[in-house]
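Trainee: Using the sequences and the hints, build the whole thing.
All residue numbers in the sequence shown are consecutive under numbering that gives the first Met the number 0, ending with 129.
Cut-off 27 Å, straight-line C-alpha distance, at most; resulting in silico cross-link-like pairs (DSS-like, lysine-lysine): (1) Lys86 - Lys33; (2) Lys63 - Lys51; (3) Lys63 - Lys86; (4) Lys98 - Lys33; (5) Lys33 - Lys63; (6) Lys33 - Lys51; (7) Lys104 - Lys86; (8) Lys86 - Lys98; (9) Lys104 - Lys63; (10) Lys104 - Lys33; (11) Lys104 - Lys51; (12) Lys51 - Lys86; (13) Lys51 - Lys98; (14) Lys98 - Lys63.
Calculated directly from the structure, the hints in this document are not laboratory data.
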Amino acid sequence: MVHVAMAFLLAVTAGGKTAPDYETALAESQHASKPLVVLIGAPWCASCQVMKRETIQPMMESGKLEHVVVTYVDKDERPELAHQLMKGETLPQIVVFAKQPEGWKRFSLTGMQSQGRMAELLRRAATPLR
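Mentor: This is the structure in structure tokens:
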């Protein structure tokens with residue numbers, strides 16, 4: 000029941016927009032050579048929900064994430080995938096996979112992040128490594 004209520008709340012706060020599942024987002028990212036942004040969290044994680052609502056969603060609505068593919072991985076629903084993507088156990092985690100000249104590279108932030116910190120992470124991911 001809590002999961003249903005949380006899903007409804009997220010749909011309402013997201014303006015009815017839902018992120019594609021991880022596999023769909025990964026395929027889209029690879030096909031379009033766009034960075035993949037993964038928010039790893041859980042319904043019970045208050046910081047995860049705040050980050051969705053106050054960082055990710057406003058950035059999506061303002062067009063700041065139009066050049067990336069965004070998805071969400073629920074650590075409780077997909078523990079194996081979350082474990083593969085995460086470094087440590089702290090939630091939320093943002094993982095960005097970006098295509099670099101030498102191949103796909105991983106960038107990440109752990110904990111609640113502001114829009115400014117997210118923008119900086121995306122700038123780092125967009126800059127080819129030397």
